[in-house]
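Chains as they are written, first to last, in this note's numbering: chain A, 1 to 362; chain B, 1 to 362.
Hints listed in this document are in silico derivations from the structure and should not be mistaken for laboratory results. This one's a predicted model, so the numbers in the text were calculated from it and none came from an experiment. Wrong hints could be hidden among the right ones.
When chains are identical, the list treats them as one kind, so a pair holds in a single copy or across two.
What the hints assert, rightly or not - Straight-line distance between alpha carbons at most 20 Å, and here's what the computed EDC-like set of lysine to aspartate or glutamate pairs gives:
#1 LYS213 / ASP100
#2 LYS211 / GLU341
#3 LYS204 / ASP176
#4 LYS230 / ASP220
#5 LYS309 / GLU107
#6 LYS274 / ASP342
#7 LYS50 / GLU229
#8 LYS223 / GLU88
#9 LYS269 / ASP115
Protein chains: 2
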Amino acid sequence: MEQLRIPGPTPCPENVLQSMTKQMINHRGDEFQQILSGVTAKLKQLFQTKNDLFILTGSGTGGLEAAAVNMLSPGDKVLSVSIGVFGERFASIAKQYGADVIPLRFEWGKAADADAVRKALQDTPEIKAVLVTHNETSTGVTNDLASLSSVVKEFDKLLLVDAVSSLGSLNLPVDDWQCDVVVTGSQKGWMVPPGLAMVAVSPKAWEAYEKAKMPRFYWDFGKARSYFEKRQTPWTPAVSIVFALSVSLDMMLEEGLPGVIARHARVGKAAREKAKSLGLSLFADEKYASNTVTAVAASNGLDIGRLRKIMLEEHQVVLAGGQQHLDGKIFRIGHLGWVTEDDIETVTSALKISLPKAGFKS
Amino acid sequence: MEQLRIPGPTPCPENVLQSMTKQMINHRGDEFQQILSGVTAKLKQLFQTKNDLFILTGSGTGGLEAAAVNMLSPGDKVLSVSIGVFGERFASIAKQYGADVIPLRFEWGKAADADAVRKALQDTPEIKAVLVTHNETSTGVTNDLASLSSVVKEFDKLLLVDAVSSLGSLNLPVDDWQCDVVVTGSQKGWMVPPGLAMVAVSPKAWEAYEKAKMPRFYWDFGKARSYFEKRQTPWTPAVSIVFALSVSLDMMLEEGLPGVIARHARVGKAAREKAKSLGLSLFADEKYASNTVTAVAASNGLDIGRLRKIMLEEHQVVLAGGQQHLDGKIFRIGHLGWVTEDDIETVTSALKISLPKAGFKS
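The shape of chain A in the complex, shown without the other chains (with noise of 0.2 Å):
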């Protein structure tokens, strides 16, 4: 069987698939509203959260398009904390909607640092909200969010963060961390398909949702909130997916949320450890380097494009490239959701045959 080792979507383990077998049911009716309700109370333990708690049908990218257009207005001064593609993207749909976004970028592979955001927010007192990546896929970085959040809540900003491929996978307490709005994808570290963006929203969010001008219809929190009331979604949601989620999350809390974050961070050390030891390079500064994907630099003769290549023709290893300008630069190892050291130890034994077929000289 195939290892699909991508930071998503990530593989789904079997009980989670067969759940989607079961069939449609009315999304009005009271099974389903008794699947919703459980469902979110359950996610809102993962999100360590009691703020309010949206599942949106749409991928995390919708999820990130919510966030913005629910808190902001046109004009609306915006500090983009961006490390990678992913915090790149979150920016653009800020500016697409008409947001003034400042963009505060630090070099890819490193973590934002929490004095240049201090400063920023100095110099521009009128800033109204920051973007943060949590967990930025492309680089292989995890952002200190809680140093983060300590200095945007010095100046009393909204923090809205994209943690698509960090919560349910690593620490992220979002009401200790003051987090406004917060945005995970169902594909990543929950285990099963993509399809549902999973939001919560503080009770300051509320208070810039009512000032915020940017148009919304289908991504709008305030009807997501007025139909959760009746434990249902504004338009019909895919009833599969949350299916799958609610056997996922019953997996997760099974576990424990502690028990979950230290899997992670034995399989990101894991992966790390196993990389350096085939003579490989990190791309990410160690420091920050995240529990849920690993970036591996080209060096020594590696032809990333061949290698990828290789692991999945000859070995039925899935590995991600390099986006955007670090296409063939770096591969990367998704370690989140439904994952052990044991996958860790498959990569590696497949890996240290292959990197030689594709140029690697240790």
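Keeping the supplied structure of chain A fixed, place chain B upon it in accordance with the hints.
Just chain B now, kept in the frame of chain A:
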């Protein structure tokens, strides 16, 4: 087993449900590219179109939002031809994004009148686009889209069509009827779970796209087009629902589009005839009665809420109620997708027993 007789989500055939137990794959890898390419080609056959066709991850309402934001600019005059809840929804979306919506409303239960549309277009020559619901799910009425389209095209306006509950069930030759953007949803006649919206975009629509200034990111047709050149989607798609769609489209093509349409016509007629034989009153003008959903008006002491409860609890038949001001005034029988005359027979038998218990005096 429950008989799900609402107008979506519709029941899924067993092999469609089973197809979703397939493990996740790389949504940017060869296998998925082939699946996406195949599904898109099959959809084009069933849409009867050579236009571009995109699969978006979201509900049908997301598809309607996509149609509006890709075609229009704030301030554009738009004629909204509305015969029910979904006509109003399409108009609300356009309005929300700043369009100057001119409402042309017809009595609920009736179809739109082509002459009235002509008059509206004559009265306001600056109208840029016309919004039309092909099949109004809330009232069980199918508009005569061929006639409406020929009027819209007399004036060379853009025609944006909500075909969420018609395409794949009713005849809608997208190219012959010159639909510029046409939108449908996976959980209707397509026999798969909710989570995907499918849209076709005409050459004339692409011209409008170039000038349209409403903000868009997630729903951007241009991004969908450039990724489709690589047989990909811009954002991670709902992979498992694409698997399901691939299977259901094969079933539909095996039956053949004329066969699918004829079956819906037979089933729709059976639903109306059986309802009348029980002494019930049809809500919709029979001339325009929909072959995908039948709306029945409360009459002769019938308590709709009680009827739906009895049908569910004693016969496991799930009927839909009325929406908005039709709540308590009508019930609706969905008969689109995986449905035959036998299903209508089951509903009829259950109604026969339940109607007197719900106060109905025939």
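_Structure versus earlier hints - violations, ascending order_ = 2, 5, 9
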